[in-house]
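Residue numbers (this note's numbering), protein chains in the order written: chain A, 1 to 147; chain B, 1 to 384.
FYI, nobody ran anything at the bench for these hints, they're computed from the structure.
Just so it is clear, CB atoms sit at the ideal spot from N, CA and C, and this is done for glycine as well.
Do not rely on the hints blindly, as some may be mistaken.
Chain B stretches covered by chain A per the calculated footprint, using a threshold of three residues with CB under 8 Å from any CB of chain A [what the hints assert, rightly or not]: (1) 18-24; (2) 141-148.
Derived coverage of chain A by chain B (criterion: at least 3 residues anywhere in the stretch with Cβ under 8 Å from a Cβ of chain B; other residues may be distant) [stated by the list, open to error]: (3) 115-126; (4) 130-136.
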Amino acid sequence: MGRLARGTIALAVAGAGATAVRALVVPRHRSWPRVTGADPRPARWQVVTLTGPPEAVLPGGRWPEPLRRLDGAVEVHTRPAPGGRGTELAARPLGGSPRLPGLAAHLVGDDPGLLIRQALREAKQLAETGEVLRADRSRLDRPGAAG
Amino acid sequence: MRALCWEGVDALAVRQVPDPELRNAHDMIVRVRRSATCGADLPLLGGRIPFLAAGDVLGHEFLGEVVEVGPEVRRHRVDDRVVVCAAVACGACWFCRQGLFACCDNGSSTGAAATESAWGQPTGGCYGRPAPLGGFAGSHAEYVRVPYADVGAFTVPDPVSDDRAVFASDAAPTGWMGAELGEVGPGDVVAVWGAGAVGQLTARSAVLRGAARVIVIDRYDDRLRMVDRHVGAEPLNYRYVDVPAELRERSGGRGPDVCVEAVGMESEPPGLLGGRLGGGADRPLALREAVHACRKGGTVVVLGTWTGFVDAFPLGAVMNKGLTVRSARQHGQRWIPMLLDRMARDELRTEHLATHRLPLERGADGYALFRERADGCVRAVFSP
Numbered sequence: 001m002g003r004l005a006r007g008t009i010a011l012a013v014a015g016a017g018a019t020a021v022r023a024l025v026v027p028r029h030r031s032w033p034r035v036t037g038a039d040p041r042p043a044r045w046q047v048v049t050l051t052g053p054p055e056a057v058l059p060g061g062r063w064p065e066p067l068r069r070l071d072g073a074v075e076v077h078t079r080p081a082p083g084g085r086g087t088e089l090a091a092r093p094l095g096g097s098p099r100l101p102g103l104a105a106h107l108v109g110d111d112p113g114l115l116i117r118q119a120l121r122e123a124k125q126l127a128e129t130g131e132v133l134r135a136d137r138s139r140l141d142r143p144g145a146a147g
Numbered sequence: 001m002r003a004l005c006w007e008g009v010d011a012l013a014v015r016q017v018p019d020p021e022l023r024n025a026h027d028m029i030v031r032v033r034r035s036a037t038c039g040a041d042l043p044l045l046g047g048r049i050p051f052l053a054a055g056d057v058l059g060h061e062f063l064g065e066v067v068e069v070g071p072e073v074r075r076h077r078v079d080d081r082v083v084v085c086a087a088v089a090c091g092a093c094w095f096c097r098q099g100l101f102a103c104c105d106n107g108s109s110t111g112a113a114a115t116e117s118a119w120g121q122p123t124g125g126c127y128g129r130p131a132p133l134g135g136f137a138g139s140h141a142e143y144v145r146v147p148y149a150d151v152g153a154f155t156v157p158d159p160v161s162d163d164r165a166v167f168a169s170d171a172a173p174t175g176w177m178g179a180e181l182g183e184v185g186p187g188d189v190v191a192v193w194g195a196g197a198v199g200q201l202t203a204r205s206a207v208l209r210g211a212a213r214v215i216v217i218d219r220y221d222d223r224l225r226m227v228d229r230h231v232g233a234e235p236l237n238y239r240y241v242d243v244p245a246e247l248r249e250r251s252g253g254r255g256p257d258v259c260v261e262a263v264g265m266e267s268e269p270p271g272l273l274g275g276r277l278g279g280g281a282d283r284p285l286a287l288r289e290a291v292h293a294c295r296k297g298g299t300v301v302v303l304g305t306w307t308g309f310v311d312a313f314p315l316g317a318v319m320n321k322g323l324t325v326r327s328a329r330q331h332g333q334r335w336i337p338m339l340l341d342r343m344a345r346d347e348l349r350t351e352h353l354a355t356h357r358l359p360l361e362r363g364a365d366g367y368a369l370f371r372e373r374a375d376g377c378v379r380a381v382f383s384p
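Make a model of the complete structure from these sequences and hints.
This is the structure in structure tokens:
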């Protein structure tokens with residue numbers, strides 16, 4: 001796919017999310033990941049940086065609550081962030097890469113990467129602000145509310 | 001409660017919607033007294049930003065009084081009159097501690113992944129954006145929920161009127177930031193493209209910071225008269241003059257030291273159906289001119305609202321003239337207390353920007369006036 005065409009497609013869907021963008025701009029010569037069988041390669045780490053030292057992020061080695069929900073499915077590491085920026089908190093799924101590629105996994109709801117990303121962001125918010133920020137509920141989410 | 005809701009492309013209506021509720025311990029609920037239109041709303045209104053759904057409430061520049069506080073709110077109490085920064089930020093993450101509040105890591109709900117997908121990292125939140133872009137309802141309503149209330153809400157000094165203080169929410173800090181990013185100081189020549197509220201307040205900020213000459217470029221004579229009367233800057237109407245040549249002459253042949261683009265993306269880009277079909281990149285006409293006009297080694301500041309790609313950005317001029325290009329959404333939490341003080345001292349007057357004061361029920365009319373710049377409209381301000 002030419003650079004220009006690729007850019008046009010990326011522009012058209014930029015607001016719709018990088019998952020879609022990535023899927024659409026994969027060069028043709030690159031083969032898709034296998035969709036059957038376990039992938040022996042370890043999954044990619046996902047990382048967030050939190051303010052505070054590692055011992056505050058994992059007090060007594062205990063995982064933050066949002067990651068505890070994934071206990072048994074992920075492994076977790078921490079290390080000091082450079083420049084005094086706090087702690088890098090990393091997680092990745094156990095058992096290698098997901099069997100489905102990103103967009104397909106997203107569509108069928110089987111992308112552990114999204115779950116891990118969400119859990120890491122929640123852990124970061126919890127550590128830094130004391131709470132997980134919740135969106136306003138829409139009218140559809142509040143069937144009993146007036147209006 | 002009543003709220004001004006997006007109903008579809010270019011369609012607005014006042015509807016009954018559920019009252020906001022405290023969702024986090026640091027939240028409070030504000031009864032809105034003033035809520036202003038903003039150019040950043042126009043791409044949303046025109047359907048250029050994905051994810052907006054029928055029934056979503058617009059508006060992010062507002063002032064009101066506190067009616068309910070969460071258990072962790074310390075700085076505010078019921079009945080306080082507050083102006084709320086349009087940017088939602090936690091005040092605790094690394095970016096907030098650097099003063100980069102609009103870059104806050106925790107300013108959006110964790111389900112709001114669209115900004116990370118589109119721009120590489122999650123950015124801070126903003127009112128009046130759909131869930132994938134933050135998840136906080138807008139302020140064109142009787143009530144609004146304010147997350148991180150101690151960080152984003154500021155008590156308004158008694159002498160400052162509602163009509164003045166409402167602009168401390170967004171337009172005034174954006175304008176101040178434009179001058180600060182340009183490091184405007186005594187002796188500088190500053191050119192500002194766009195005589196809307198942000199452009200005028202950028203120019204006023206440059207004047208307050210000691211600039212020797214401040215020139216504002218637009219095509220609307222009524223706005224340029226405001227620049228002359230209320231800002232203390234020189235108006236320049238691009239319909240009648242060669243702007244780069246005029247700027248070169250007014251800066252002794254050097255070009256302005258700081259050029260600020262305060263125009264932003266077009267509400268309807270090239271392409272069919274308002275750019276939704278066959279649309280391409282936006283045309284940064286003012287930004288191109290700013291780069292061309294700026295003196296060698298000068299600074300170009302991008303303040304207008306941009307969300308995607310632009311066409312034909314003159315990178316060659318940027319490189320060969322050694323320009324610095326800076327930009328940001330406003331980090332208002334840094335400057336709102338200072339701006340309120342300046343408002344209280346009459347250094348910063350903004351009432352003239354509220355050219356149309358309307359009840360919420362006339363919200364659709366207000367946006368039509370604002371979008372078309374009809375009847376001399378600079379900003380329509382609603383009183384729910």
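Taking the earlier hints as the rules, which of them does this structure contradict?
Of the numbered hints, all hold.
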